[in-house]
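Asks: If you read the sequences in order, they're chains A and B.
Following this note's numbering, the numbering of the first sequence begins with 1 at its first residue and continues without gaps.
Following this note's numbering, the numbering of the second sequence begins with 1 at its first residue and continues without gaps.
Keep in mind that the hints were calculated from the coordinates and are not lab data.
Any given hint could turn out to be false.
[What the hints assert, rightly or not] In silico DSSO-like pairs for lysine-lysine, Cα to Cα no more than 27 Å straight-line:
| id | chain 1 | residue 1 | chain 2 | residue 2 |
| --- | --- | --- | --- | --- |
| 1 | B | K93 | A | K102 |
| 2 | B | K126 | A | K102 |
| 3 | B | K68 | A | K79 |
| 4 | A | K59 | B | K14 |
| 5 | B | K126 | A | K123 |
The structure displayed is predicted, hence computed values, not measured ones.
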Amino acid sequence: MLGNRIGVISCSGEECLGGTISRLAVRKMMEELKPGMVSTLCLPLFIAGDGGEREFAEKYPTIAVDGCSKCCAKRAIEKYSSAVAGSIDVAEIIGEAKALEKPLSTRYITDLHMEYVNQTAAKTCEIFDEILAKQ
Amino acid sequence: MSKIKIVPCSGIGKVFGLLARESVLMVTEEKCPDECETLCLAHVVTGDDEVVGKINGENCITMDGCAKYCAKKSVEETGGIVVKSHKVPDYIKAHRGEEHGTGTYLTDDGWKYAEELAEIMVEDIKEIKAGVN
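Okay, chain A solo, but in the shape it has when bound:
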């Protein structure tokens, strides 16, 4: 999935709702909003450093989509590659308390959760389009 020239890394955190939202927002970008235009990078593989992900993020603009204010994805990109081209903190979109609610299986996703996903994906797309316009 490294053929396109704008990368997106989701934290996909397992401890809170924000992680589920970040993951689904990036999947929505891949499948619906920017099909064929997004290179998704696995955060654990990125940090392990053996899949070409770090080199990708050094060369090409990469957006971090984090589920909470720990911003693990953003910090990882900055530590191992270079400055992020943009970052999203789901907690800033849906509120810190909501983002830190219990993790959620996709079986229990409601319309309200999907609205959070849509908002997060839309914000990420705004950054994506700004980057694309500069290229």
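Since the structure of chain A is already known, use the hints to place chain B on it.
Replies: Quick look at chain B alone, frame taken from chain A:
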């Protein structure tokens, strides 16, 4: 005694990452919430003091989606004791020909497979508890 930590890879590109994630959530949220808990792999890999404190020297189970074993390696590097390590494709043989979904959603067969993976981890928890007590 502290809870057993169960960490999936949650890889985003393929269905195996979602199977790992959903099977672990079944165990930590529904099947054995009093015996185990999950940790954010994204946080684990940052090596923050906070997460190292939670995992260092603790019994852990990992569920990886591919042979890169990101969850297992990251937990070990952070000081966790990986008592049981699994990889989603290890149990696929009995499910050949089934469609399990994508990185976004699971099909009915995908959910059945996730349930099977969850039960494997439930047995792990029983074994670990029996060994410790």
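Asks: Run the structure past the numbered hints and jot down the numbers of the failing ones, going up.
Replies: 1 and 5
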